[in-house]
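Input sequences plus hints: build the corresponding full structure.
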Amino acid sequence: MRSGRTIIVSGMVAANPWQGGATWAVLQYVLGFRKLGDEVCLLEPIPEKDLQPRGCGLADSDNAAYFGKVMQDFDLGARAALLVSGTQESYGLSYSSVEKVMKHADVLINISGMLTDERLLKAVPIRVYLDLDPAFSQLWNSAEGIDMRYAGHTHYVTIGLNIGEADCPVPTCGLGWLKTLQPVCLDRWPVAADQAARAFTTVGNWRGYGSITHEGVQYGQKAHSVRQLLEVPKLTAERITPALAIHPGETEDLARLRQHGWELLDPAQVARTPADYRTFIQESKAEFGICKSGYAVSRCGWFSDRSVCYLASGRPVIAQNTGFDRHMPCGKGLLAFANAEEAVAAITSVNGDYEGHRRAARQIAEEYFDSNKVLGGLLARVGA
264 MRSGRTIIVS GMVAANPWQG GATWAVLQYV LGFRKLGDEV CLLEPIPEKD LQPRGCGLAD
324 SDNAAYFGKV MQDFDLGARA ALLVSGTQES YGLSYSSVEK VMKHADVLIN ISGMLTDERL
384 LKAVPIRVYL DLDPAFSQLW NSAEGIDMRY AGHTHYVTIG LNIGEADCPV PTCGLGWLKT
444 LQPVCLDRWP VAADQAARAF TTVGNWRGYG SITHEGVQYG QKAHSVRQLL EVPKLTAERI
504 TPALAIHPGE TEDLARLRQH GWELLDPAQV ARTPADYRTF IQESKAEFGI CKSGYAVSRC
564 GWFSDRSVCY LASGRPVIAQ NTGFDRHMPC GKGLLAFANA EEAVAAITSV NGDYEGHRRA
624 ARQIAEEYFD SNKVLGGLLA RVGA
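Residue 647 is where the sequence shown ends in the working numbering, and the numbering goes up by one at each step.
None of these hints come from the bench; they were simulated from the model.
Among the clues, some could well be false.
In silico lysine-lysine, DSBU-like type, Cα no more than 35 Å apart, as pairs [stated by the list, open to error]:
id: 1; residue 1: K385; residue 2: K298
id: 2; residue 1: K332; residue 2: K298
id: 3; residue 1: K385; residue 2: K363
id: 4; residue 1: K312; residue 2: K442
id: 5; residue 1: K366; residue 2: K332
id: 6; residue 1: K366; residue 2: K298
id: 7; residue 1: K385; residue 2: K366
id: 8; residue 1: K312; residue 2: K332
id: 9; residue 1: K312; residue 2: K363
id: 10; residue 1: K312; residue 2: K366
id: 11; residue 1: K636; residue 2: K332
id: 12; residue 1: K366; residue 2: K442
id: 13; residue 1: K595; residue 2: K442
id: 14; residue 1: K312; residue 2: K385
id: 15; residue 1: K442; residue 2: K298
id: 16; residue 1: K298; residue 2: K595
id: 17; residue 1: K385; residue 2: K332
id: 18; residue 1: K363; residue 2: K332
id: 19; residue 1: K442; residue 2: K332
id: 20; residue 1: K385; residue 2: K636
id: 21; residue 1: K636; residue 2: K595
id: 22; residue 1: K363; residue 2: K298
id: 23; residue 1: K385; residue 2: K442
id: 24; residue 1: K366; residue 2: K636
id: 25; residue 1: K298; residue 2: K636
id: 26; residue 1: K595; residue 2: K497
id: 27; residue 1: K363; residue 2: K636
id: 28; residue 1: K363; residue 2: K442
id: 29; residue 1: K636; residue 2: K442
Next up, the structure:
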């Protein structure tokens, strides 16, 4: 049943192609709104400098090839466009077709404010800035004076569940942030069969970007968190096999990780496409989820879209605590830890009743993260 609404989602799929997990983070919104019966259009602005290989045109780029594959695989080809920023050059829908869609759109979900084309923006009455990188987004703006493209939106939404709370030191930048959980399309992430093999896994980047120091506190990267957890593989019989994008030049850290029993995988091999990413998660035993240290230090309440996919798949999640434990049940299916000792205790708990944790994981996904509930609630709160 159609809702009569038209929703535009702007997010990054192809600017850094062949990252299945990052693609799913956007797809959960696109596919989730479509499940609600909305007409959905996906727009991705891409700077010309990001076209790969360098110097090629949009149509011949690796970016367009990946974008086209994803759109075909998820039946989005007729409602999607890859736009070269600052021009009217497009792949997929033509720029003029995009203009027509925007004129009839009810809501824009602008992830990280990626879409900045005023000609397109001005036609949409409800323009939602969606922050998927809480603490860093606000600190870049407030402490470092970086333009995070907040201007021009009617609503501001963050997955930082504690942003604006008295004990969260992250500045609000004068904005009234609405909080949202991450959605998962449960039909796309069914419970995976139990299998004998597998290990505790996760997917991520060793370093995503530079760290921030604000009022004497360092808000660091995943590298800073992992260094505090080096002993975990030696304290459990379980295999810890994260798929981490880590530069080969990080020789000291690579050596220490291997010495302590971390079995590193390359996400470019195991999570290259959305299908690869889903298979990797569903063939895991559970997630050992480590976050950027900035999320943990700020207690901003960030919870990973990746972890939600593990939960939906019936895979228990052991996640570094960012303050999310205030907002969802922890102890069965989802376990929070603050240090190596607590992480090992959580692994022991999962092994003590694996089937119980598997069932609880899916139940949490259904109760808290079902895209119908999350996105339906979000639209209601922004007046759509």
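Hint-by-hint comparison with the structure:
Straight-line distance between C-alpha atoms of K385 and K298 comes to about 27 Å, which keeps the hinted pair within the 35 Å bound. Under the criterion of a C-alpha separation no larger than 35 Å, the hint pairing K332 with K298 is consistent with the structure, at around 21 Å. This hinted pair checks out: K385 and K363 have alpha carbons roughly 12 Å apart, not beyond 35 Å. Distance restraint check for K312 and K442: the Cα-Cα separation of roughly 34 Å lies within the 35 Å cut-off, and the hinted pair is therefore satisfied.
For the hint linking K366 to K332, the alpha-carbon distance of about 27 Å falls within 35 Å, and the restraint holds. For a cut-off of 35 Å, the pair hint linking K366 to K298 stands: about 22 Å separates their Cα positions. The straight-line distance between the Cα atoms of K385 and K366 is roughly 9 Å, inside the 35 Å bound, and the hint therefore holds. Taken as a hint, the K312 and K332 pair is honoured in the structure, with Cα atoms around 21 Å apart against an allowance of 35 Å.
With a C-alpha separation of about 27 Å, the suggested pair K312 and K363 falls inside the 35 Å cut-off, and the hint holds. For the hint pairing K312 with K366, the CA-to-CA distance comes to about 29 Å; that is within 35 Å, so the pair holds. The straight-line distance between the Cα atoms of K636 and K332 is roughly 29 Å, inside the 35 Å bound, and the hint therefore holds. Distance check on the hinted pair: K366 and K442 sit about 28 Å apart at the alpha-carbon level, within 35 Å; holds.
This hinted pair checks out: K595 and K442 have alpha carbons roughly 24 Å apart, not beyond 35 Å. For the given pair, K312 sits about 26 Å from K385 by alpha-carbon distance, which is consistent with the 35 Å threshold. Of the pairs offered as hints, the one joining K442 and K298 holds, with about 22 Å between alpha carbons and a cut-off of 35 Å not exceeded. Pair hint K298 plus K595 holds up; C-alpha atoms about 29 Å apart against a cutoff of 35 Å.
Between K385 and K332 the CA atoms are separated by roughly 30 Å; this keeps the pair inside 35 Å, and the hint holds. Taken as a hint, the K363 and K332 pair is honoured in the structure, with Cα atoms around 24 Å apart against an allowance of 35 Å. Restraint check for K442 and K332: satisfied, since their Cα atoms lie roughly 32 Å apart, inside the 35 Å limit. A hinted pair counts as satisfied when its Cα atoms are at most 35 Å apart, and K385 with K636 qualifies at roughly 29 Å.
Distance hint between K636 and K595 is fulfilled; the C-alpha atoms sit about 22 Å from each other, no more than 35 Å. Taken as a hint, the K363 and K298 pair is honoured in the structure, with Cα atoms around 23 Å apart against an allowance of 35 Å. Between the alpha carbons of K385 and K442 the distance comes to roughly 25 Å, so the proposed pair stays at or under 35 Å and holds. With a C-alpha separation of about 27 Å, the suggested pairing of K366 with K636 holds against the 35 Å cut-off.
Distance check on the hinted pair: K298 and K636 sit about 11 Å apart at the alpha-carbon level, within 35 Å; holds. Note on K595 and K497: the hinted pairing holds, with a Cα-Cα distance of about 24 Å set against a maximum of 35 Å. Proximity of K363 to K636 is assessed by CA-CA distance (about 30 Å); at most 35 Å being required, the pair is judged to hold. The suggested pairing of K363 with K442 holds, with an alpha-carbon distance near 31 Å, which does not exceed 35 Å.
A hinted pair counts as satisfied when its Cα atoms are at most 35 Å apart, and K636 with K442 qualifies at roughly 14 Å.
Checked against the numbered hints given earlier, this structure breaks none of them.
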